[in-house]
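Undergrad: Model the placement of chain B on the given structure of chain A, informed by the hints.
There are 2 protein chains.
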Amino acid sequence: MPVGNIAPPDIIHAIEGVEIGITAAGVRYKDRDDLVVFRLSETASVACVTTTNKCCAAPVLLVREHLQQLAGSDKSARYLLINTGNANAATGEEGYRRALQTCKALADKVEVEVNQVMPFSTGVIGEVINSEAIINGLDNCLASLSQDNWLSAANAIRTTDTIPKVASTSVVVDEAISYKVTGISKGAGMIRPNMATMLGYVATDAPIAQHLLQQMLVELTNQSFNRITIDGDTSTNDCCVLIATGDNQANLIDSTQHPHYQVLYQALKEVFLRLATLIVRDGEGATKFITVKVTGGKTVEDCCDVAYAVAHSPLVKTAFFASDPNWGRIVAAVGYSGAENLDADQVSVTLDDVAICTRGQLDPSYTEEQGQEVMSRPEITINIDLGMGEATDTVYTCDLSHEYVSINADYRS
Amino acid sequence: MPVGNIAPPDIIHAIEGVEIGITAAGVRYKDRDDLVVFRLSETASVACVTTTNKCCAAPVLLVREHLQQLAGSDKSARYLLINTGNANAATGEEGYRRALQTCKALADKVEVEVNQVMPFSTGVIGEVINSEAIINGLDNCLASLSQDNWLSAANAIRTTDTIPKVASTSVVVDEAISYKVTGISKGAGMIRPNMATMLGYVATDAPIAQHLLQQMLVELTNQSFNRITIDGDTSTNDCCVLIATGDNQANLIDSTQHPHYQVLYQALKEVFLRLATLIVRDGEGATKFITVKVTGGKTVEDCCDVAYAVAHSPLVKTAFFASDPNWGRIVAAVGYSGAENLDADQVSVTLDDVAICTRGQLDPSYTEEQGQEVMSRPEITINIDLGMGEATDTVYTCDLSHEYVSINADYRS
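Residue numbers (the numbering used here), protein chains in the order written: chain A, 1195 to 1607; chain B, 1195 to 1607.
Restraint ranges, calculated between C-beta atoms of paired labels, are given here:
no., chain 1, residue 1, chain 2, residue 2, range
1, B, Gly1532, A, Ser1600, 27 to 33 Å
2, A, Ala1337, B, Asp1546, 47 to 53 Å
3, A, Val1412, B, Ser1267, 54 to 60 Å
Worth flagging that the hints you see were computed from the coordinates, not collected in a lab. Since the structure is predicted, the reported quantities are computational estimates derived from the model, not experimental observations. Backbone N, C-alpha and C fix where the C-beta goes; we use that ideal spot for every residue, glycine too.
Pulled out of the complex, with its shape left as it was, chain A reads as follows:
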């Protein structure tokens, strides 16, 4: 059961210049939407970040190659081709050949260069992909192109996600100008039944210069998709795409100093964070949504190290599953986090508003009842103050439950 508010937004803004087509191509299962095509306007800027996993999938390699080729040309990415059911990972040269084949088929149909098509795959690892099914599904996909297909697309890119993940907002940047931001994501554990996992697609109708868009995407990803963890496993297929379709050169946002930049960035961040935390809320076996907020660090790196150590610790995560205020486990994880500037006697921990550990020792005001009460909440913030400086960082995670083991142990038996 996903944790907390996971409903799609009431209003999902269409983004001018982005059309989405969907079909049930039978990549792995019959009669289930599994193929999605994004068509982007000719003037759209497109930025992309891909998994750091060195055993990355064939489509990831192709996305990188295509983007590199486009960077040296006057052309831009025009189509995203996304399938679920098969990740086309650990499939060697044959996998690469098949991914390229699907890009070519689409490129031929719509008359663009092959490197203007970006392929993405998610699903089972290590099986040869049914590229024929994908190619045969293209016509249906193209026939269904529409600006209003965001929610259907969020459903179609699911593997074992229990909910579609959509976020949408609009922002007024000027008296006369407002922009829309809409995005979808998928992921429910880093790899669930070998599902190579995280995908995110966000678009805005704001005009943003390509070089700035890429820089924004890296920053936005670092504050959202790179700040969530369910089981610490990084998939072979993770990709995130940011699209800006605006064509108004007079208002082109081309630097962080542009008057529209900050407010647009915040709107994008809101959408990214929502898409990322939805993945945690839908985490495998999750019963609690946990925010690990580290303050008082000497550096952001220290805060990040500490936050991840706590968020990854199976002992911390099982304690939260059990609603057990087992603060020694949190302190131990802080200690082995590898953070450079750390003094055990300066570390304080509060759970929501309950002070548990103050400067390395049990807080004198703490009672077991308080601890039990706060731990039983479905959404909890672990505040860790390192007492060393002003830096801060936040990571989002969920608890570790019996259900997690069941999901990951039992799916094939």
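TA: The following block gives chain B in isolation, referenced to the frame of chain A:
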């Protein structure tokens, strides 16, 4: 249930120069052995390594201070004072004061300097230690000193370990000379009910120079206790001590070139490895003992990174619990291991003798039946060949079961 052969050795060699006393001091529970004193001969060399956790416990701080003070003197460590039931961790200045108090009490009784006593604590974190109980137990402990108490000591230092952990061997280094090696350890998860965890004490009657002994201990620990993982959590109290009591200056082993060095080192390694792997076999909820052996690396660091990534992955561990040959998870973990020299297309994986993945792709000879069969074994070696060079490294771990979640989630409820 511990996995595989976990019986203590038939012969546990006494080590001349090492006497052990044990008593039920009532540190936390009544009528349970919880206090152990080691008395070492005046000429013994003593080496020690301590946890890298920056939130380390008060006794760990004291051990480091005492060893530093002794290094600049002509005196050596004469007593180890070990309690279970309370880790004296996250206890601040009061914890430090109490640990020092127990050292002083023992030092006064046996007429040594306080820094010749090394304190070790294991048990619950964050509670003030009952130092009075320890001090009151010293007389009984000293009265029971004997060379034959290794097994009883292994039992006494347990927290939630289900088995005592002992290893013992003897080795002929020369026609006329043989040495004995005996050791004990404790640990069952990195922290089980907040139990601050790993302790190891190994002694030999060989004569080894102090500087070499420390160097050997670091190397031995890196190949044993630093190559096991259950849940990836590093405790606040981990310590390992190596004692060499031999007094024969004519045969003093003072360099790695000494003719007795290699064969003695191998005997020590055997004991260290046994003590370390016993901890994994007794791992929380473990149903399988897994050896992750990485070969063909360009560097040992790469091999170590890969081995730990695989051994830590909850997805790999749950797959082993389920006896599911889910090799995609292994390949994904290899990919995100952070190893510097890695080419996905060169990675091969075999489980025991079953080739699963060859150079990044499913091995053509592989069948699901073979995979199922090998995965159902209680002891499995994951062989990962990186195909990049000659380096190798090995890590030992166990699977992740429902029982792990139960043990760590339910203990206080």
